[in-house]
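**Student:** Single-letter residue listing:
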Amino acid sequence: MYAIEARGLTKAFRGTRAVDDLDVLIESGTVVALLGPNGAGKTTTLMMLLGMTDPDAGSIRILGHTLPRERAIALAKVNFTASYVSLPSDVRVRHHLWVFADIYGVSRTRAEEVLELFRIGHLFDRPTAQLSSGQRTLVGLAKAMLNRPRLLVLDEPTASLDPEVGSEVRRILIEEKAREGFTILMTSHNMAEIERLCSRVIFLAAGRAVADGAPAEIAARYGHEDLEDTFLSIAQEARG
Amino acid sequence: MTVPQGSGHRILAIVRRHLYVTIHSPTRMIELGFWPIIDLLLWGMITTFLRRSGTEMPIPVSFFLGAILLWDLVFRSKNAVALCLLEENHSRNVISVLASPVTPGEYLAGAVVFGLGKVAVTWSIMAALAWTLFAFGVLSLGPTITLYALVLILFGLALSLLVIGCVLRFGYAADELAWAVAGLVVPFSAVFYPVAVLPGWAQTIASVMPPAHVFEAMRANLAGRPSAWGSIWVALGLDLGYLAMAFGFARSMFGALLRRGFITRYM
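Chains as they are written, first to last, in the numbering used here: chain S, 1 to 240; chain X, 1001 to 1267.
For reference, chain S alone in the conformation it holds in the complex:
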């Protein structure tokens, strides 16, 4: 069964195709990365999959629910965080998490559990304005785990974290994924992170999928040993 079943996704802005006839078929329980140079269409694709941007063409089913008709039902089982998402000011961390616990209809005690999961239980009563950007990112990740999502969408989730905390977050995500069996779709510019977390990567360039497969397999196809060099090759190829 597919957690994400999007076919023929197309989106143009002012005549430029940001996403061009893209199929995104992601099986339940897998960890998949959308990769590509800036402007490749990754974030536009994520926004369409989350119902925040309407595709010009194509169809989307998330966890078996058709968008946009069953958007609210689908999003109750999904969660999302990104490096560019911030926290409301003038509240404490607990208030922010309680609001989302209420939105997702889960117990407020879950707020403490998810903070503990990311080893930031001490931030529970801290005003959000006093958090560092790394702490904000961790609270965002904690929020994303509140509803025990069946699909977790992460847009550059560890961009503002130091290598040690980033590594800890990856470990936590792997453990949680093994325990809960959810699907992860993510983007990142950290190729080492992708190699560690993902069983499959989809490379985008100019809104199209130009490579799709296991990280090692794609790297080998381009004659490289790792994704870092593969990324550079694909980006150069895309620039023509």
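Since the hints were made in silico from the structure, they are not lab data.
Certain hints may be false.
[Said to hold, decoys possible] Taking beta-carbon pairs under 7 Å as the criterion, some of the chain S residues facing chain X (in silico): (1) F13; (2) M47; (3) L50; (4) D54; (5) G58; (6) A72; (7) F80; (8) V85; (9) P88; (10) S89; (11) V99; (12) D102; (13) I103; (14) V106; (15) I120; (16) H122.
[What the hints assert, rightly or not] Residues of chain S placed beyond 10 Å of chain X at every Cβ, according to the derived structure: (17) D23; (18) G29; (19) T81; (20) H95; (21) G105; (22) R110; (23) R119; (24) F124; (25) G140; (26) D162; (27) I172; (28) H189; (29) A206; (30) D212; (31) G213; (32) A214.
Ideal Cβ placement from N, Cα and C applies to all residues, glycine included.
Fit chain X to the known structure of chain S by using the hints.
**Tutor:** Chain X alone, transformed into the frame defined by chain S:
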């Protein structure tokens, strides 16, 4: 249109979200009471001055206090709801809300419930002060005060939907509109003066402004003349029309946000 299951708890979550921000922010608490109190004191003092100077006024000076109290209903209900969206905008929380199962309708319902609660608190403070400091009781307007309040609040909500639509379409650039829009309608609303003093073209605009009907009726009330019920029903009808148009506008702007990918403005 089917209502998604569990709408109630999501609407309440939005109410709580804005309540937490308000009660934990001294500046927002000040906004809740400071400006309304300043307005009231200012107009109360002017009223007292006119009363003591023995000026031959063709109308009772209590008109000013009634006017400022009632106009505040428009201004506060417009602000309270529109500022909820601006708050999400400023705290870069729009994407988190849109990526959740909260629907635009639920968000709006939560913002209206929160906004009206805020209006009730502010207005109670103002009415109590008007009574305590200037011996002006809003209830002296009679039972029609309920209808006046309804007309003014509905008009304020229509203005808030207009602002929300503009913010969805133009992003941060439209923030200023949240404050300016009330200024655009106040000259035609005949808050402090009768419609008759306006030039002809402005009187035509005033005739389609629900607040103008209310303030004319209020002045008649305070002068001891019978309530102009017909005028109030016209105002209510206009309100419903404006609300429907403003809702359609906000909805179409949300559609444009989804269609044209304006969500990137909130990243």
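**Student:** State for each hint whether it applies.
**Tutor:** To see whether the hints hold, each was checked on the structure:
1. F13: Since chain X brings a Cβ to about 6 Å from S/F13, closer than 7 Å, the hint holds.
2. M47: holds (6 Å)
3. L50: S/L50 check passes; min Cβ-Cβ to chain X is 5 Å, inside 7 Å.
4. D54: holds (4 Å)
5. G58: With Cβ-Cβ at 14 Å, over 7 Å, it is violated.
6. A72: holds (4 Å)
7. F80: Hint on S/F80: holds, closest Cβ of chain X at ~4 Å, below 7 Å.
8. V85: holds (5 Å)
9. P88: holds (4 Å)
10. S89: holds (5 Å)
11. V99: Since chain X brings a Cβ to about 4 Å from S/V99, closer than 7 Å, the hint holds.
12. D102: holds (4 Å)
13. I103: Holds, because the Cβ-Cβ distance from S/I103 to chain X comes to roughly 4 Å (cut-off 7 Å).
14. V106: This hint is violated: S/V106 lies away from chain X, its Cβ roughly 10 Å from the closest one there, beyond 7 Å.
15. I120: Not OK, violated: S/I120 not within 7 Å of chain X, min 18 Å.
16. H122: violated (19 Å)
17. D23: holds (20 Å)
18. G29: holds (21 Å)
19. T81: violated (8 Å)
20. H95: violated (4 Å)
21. G105: violated (6 Å)
22. R110: Label holds. Min Cβ-Cβ 14 Å, cutoff 10 Å.
23. R119: holds (22 Å)
24. F124: Since the minimum Cβ distance to chain X is about 14 Å, S/F124 lies beyond 10 Å and the statement holds.
25. G140: violated (8 Å)
26. D162: holds (22 Å)
27. I172: holds (20 Å)
28. H189: At about 16 Å from chain X, S/H189 clears the 10 Å cut-off, so the statement holds.
29. A206: It holds; S/A206 is separated from chain X by about 16 Å at its closest Cβ, greater than 10 Å.
30. D212: At about 24 Å from chain X, S/D212 clears the 10 Å cut-off, so the statement holds.
31. G213: holds (28 Å)
32. A214: Nearest chain X Cβ is 28 Å from S/A214, so the label holds.
When the structure is compared with the earlier hints, violations turn up for hints 5, 14, 15, 16, 19, 20, 21 and 25 and for no others.
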